[in-house]
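Enquirer: Start from the sequences and build out the full structure, keeping to the hints where you can.
First to last, the protein sequences are chains A, E and X.
Oh and the first sequence: position 93 is 845 in our numbering, straight run, nothing missing.
Oh and the second sequence: position 157 is 240 in our numbering, straight run, nothing missing.
Oh and the third sequence: position 167 is 184 in our numbering, straight run, nothing missing.
Calculated directly from the structure, the hints in this document are not laboratory data.
Backbone N, C-alpha and C define an ideal beta-carbon position, used for all residues, glycine too.
No false leads were mixed into what you were given.
Distance windows between CB atoms, simulated:
1. ASP953/A / PRO189/E: 26 to 34 Å
2. PRO914/A / LYS255/X: 50 to 58 Å
3. GLN150/X / ARG983/A: 54 to 62 Å
4. ARG281/X / ARG983/A: 54 to 62 Å
5. SER95/X / ILE973/A: 50 to 58 Å
6. ALA179/E / ARG263/X: 52 to 60 Å
7. THR860/A / GLY90/E: 38 to 46 Å
8. TYR274/E / LEU976/A: 23 to 31 Å
9. LEU976/A / ALA205/X: 54 to 62 Å
10. LEU325/E / GLN150/X: 34 to 42 Å
When the alpha-carbon atoms are kept at most 20 Å apart in a straight line, the in silico SDA-like pairs for lysine to any residue are as follows:
11. LYS825/A / ALA95/E
12. LYS883/A / ARG905/A
13. LYS249/E / SER95/X
14. LYS825/A / GLY90/E
15. LYS249/E / LEU261/E
16. LYS239/E / GLY92/X
17. LYS767/A / TRP206/E
18. LYS239/E / ILE93/X
19. LYS239/E / LEU172/E
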Amino acid sequence: MTLALGLLAWEGISKFFLPVIFPGPLELLDRIFAIYSDPASYRVVGQSLSRIFVGFIISMLAGTAFGILMGLKRDVEIFFDSWIMVLLTVPAVCWAFLSVLWFGISETAPILTIVLIVFPFVVMNIWEGTKALENDLIEMGRVYKADRPLMLRKVLIPQLTPYIFSSLRIALSLSWKIALVAEAFGAGSGVGQELINWFQDTRVDMMLAWGASFMIVMVLIDRLVFRVWERRVFAWRPQFAT
Amino acid sequence: MKGRADGVKSAALRAASIALLLLLWSVASRLVNDPDVLPGPLEICRIIATDLATVGPEGHSAYFDIGITLARIMIAFVASMLAGIGIGLAMALSAALERVLIAVIPLLLTMPSILMVFLAVMWFGFSEVGGLVAVMAVVTPYVAVNIFQGTKATDKSLIEMGVTFKARTPLLIRKVYLPQLMPYIFSAFRYAFGMTWKVVALAETFGLKYGIGYMFFFWFGQFNMTQVLAWIVIFVVLMLILEHGVFARLERRAFAWRDARRRPSLA
Amino acid sequence: MMSAPTMSEQTARPGASILTAVAVRNLTKTFAAPGAAGRFTVLDAITLSVGEGEFVSIVGPSGCGKSTLLNIIAGIESHESGAVMVGSRAGHAGSQARIGYVFQSPRLLNWLTVQANIEFVLEAQNIPRPRWQELVAKHLALVGLAGQEPNYPLNLSGGMQQRLAIARALAIEPDVLLMDEPFSHLDAITARKMRFDLLDILAKARTTILFVTHDLSEAVFLSDRVYMMSIRPARIFKEVRVDVSRPRRPEDSRILDLEKTLVREFFGALEAK
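Expert: This is the structure:
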């Protein structure tokens with residue numbers, strides 16, 4: 753109900769403006785349709801998606817491993833926490849610039865940018881999660897003389913699963929937003945590039961069409977992949993019992 | 084005892100890690116041997132010193148750019164926090180508002196900041212207003228949601244206790260309600276601050292005149308790696324001081340009462 | 018042994034006057050029954066009274082509406098019919114009675130110091146600021162928490178927190194003190210000590226108490242009179258006077274006998290349903 757009213761209000765307000773300045777929902781849909789009728793657009797989206805996923809996966813794997821290490825070993829934690837802090841403080845746009853200056857217009861630049869931002873984020877999340885682990889259960893494992901690999905597999909990782917899971921979702925969400933920034937600067941292609949092109953052409957309608965449609969794609973991926981997956985991973989929790 | 088030795092060891096490890104970082108940087112830059120790719124830490128320091136001492140390419144000093152950026156950050160941050168807290172509280176008070184915003188806010192939260200910046204610049208021009216709007220569009224919804232969730236989590240039994248003792252609404256809000264919201268306000272605070280300066284940097288890069296972000300963009304356009312890195316370092320150092328120096332201290336004092344039993348979680 | 022329960026004023030506790038502090042007449046409270054038509058009666062024509070300076074308990078199983086009754090007397094819940102009167106001690110301006118309330122859980126403001134927690138209710142009750150220092154110190158000493166002013170509630174044990182809650186309620190110099198199973202969340206040893214302490218405190222403070230509990234032995238040990246309440250709907254089905262002089266010992270045979278009698282009557286009343 754609210755949705756319908758909102759759309760009507762939007763359409764109404766947009767009548768006061770040119771579509772290139774403030775498109776209404778109908779104009780937007782029209783542009784989106786135009787974009788996806790063109791096969792070249794799929795290539796563009798595909799390029800963005802591939803960079804996002806590569807960057808995301810590298811960040812998750814490296815980030816989880818390093819986060820666990822930092823959570824378990826106090827010395828490693830103290831040594832590297834300042835590095836992580838610094839990494840977290842550099843804004844995405846700076847890494848985007850640096851990556852382009854180092855690697856030029858390429859695939860590497862946006863992927864590197866994604867990793868440099870998402871990796872420290874995952875590390876922080878997993879690190880906090882590891883520190884919050886139940887000592888009782890670890891103690892119990894020790895009493896029964898469980899060895900390191902067994903402890904990792906059956907005690908630590910299962911407890912970390914919620915953190916890994918929430919990191920996955922947020923890391924993916926972060927990855928695609930960073931990808932857009934990185935591509936805007938210098939990938940030569942991709943959705944981010946489209947955004948900045950239309951920005952420079954002052955075409956709000958096209959820019960929003962690309963932006964909104966890409967957002968929808970990413971939200972769909974999140975819903976489809978993670979919601980389904982979550983049910984299976986957490987089946988042991990009472991709220992998911994059927 | 085152990086505490087003291089631990090403290091010394093920690094400090095030593097931290098010092099060693101920073102030293103190692105600088106060392107690796109130095110070595111890497113020597114190996115690459117190309118100031119357009121990786122200038123060493125010493126060159127960066129020299130350039131920073133020069134930048135601070137002389138007039139920059141646009142005809143004003145570095146301090147001006149730094150000052151402008153800090154001013155933008157502060158104004159945008161305060162505006163976003165106030166708006167966010169206000170909206171969050173309003174949502175708690177008005178079910179109608181809650182219904183409307185519950186639909187709109189997730190949308191705003193999903194939108195990438197670059198899109199916000201582009202839209203704000205296109206609609207409000209390359210101006211301070213555009214920059215402010217961009218930041219608020221990103222940060223305010225986050226703060227509002229946080230505060231709103233905080234209002235849902237307040238302990239009703241304590242309000243009831245206050246009512247039995249005939250406390251009136253202003254007293255209840257001051258002593259019972261707001262303190263329970265503080266952890267939420269604080270965690271929103273820290274995250275909002277982080278987001279604010281990132282969006283300000285982005286906005287300055289794309290659309291604003293003057294400021295550290297503008298310097299990034301300018302030197303990037305000149306392919307001057309040394310200057311780009313120099314300005315990045317300036318920015319990072321400033322933000323680190325603000326985030327960890329100011330906020331960490333504030334947080335510790337505000338939550339002294341919790342350290343009794345439970346350790347405050349890392350926000 | 019106990020004779021038949023009487024309402025005789027002559028054997029009232031020394032210091033208790035025949036002035037009534039709390040009077041409840043035919044109080045009825047209903048809730049809208051979820052799903053079903055009509056309303057669900059929580060309290061059914063409750064009539065009771067508390068004389069000034071008296072310690073009166075209401076005993077009943079959990080869930081029979083005792084807390085609701087206290088809330089109505091305290092003025093934070095409404096009722097459908099009947100009258101509630103809480104008299105005001107002479108000298109208090111206005112007719113608003115001062116009511117102190119000690120809950121099952123301490124309900125302290127953990128972010129305020131011990132001192133500030135008491136000051137909160139003093140401010141709520143519009144007690145003039147110059148008196149605060151003296152009231153806080155006096156009542157903290159009364160409950161055995163002297164010197165704890167700058168401490169935070171989370172640093173206190175469960176028993177100490179509840180004592181702070183009692184000090185808070187007494188600091189407003191209430192006309193009546195309502196207590197809702199205040200010791201039920203404490204361990205048995207602490208609770209036992211708290212009961213003794215409570216009697217000590219009240220001997221000094223001379224407050225009127227309306228005490229709610231599910232524990233018969235606690236009620237008999239502490240009170241001058243006990244009202245027994247049944248469940249669904251809640252009704253007072255018996256009133257008993259505890260004619261044992263103070264200070265009391267829990268092993269006193271008169272107390273134990275009375276307990277035994279009442280337990281029998283209680284189960285009798287429950288089974289009769």
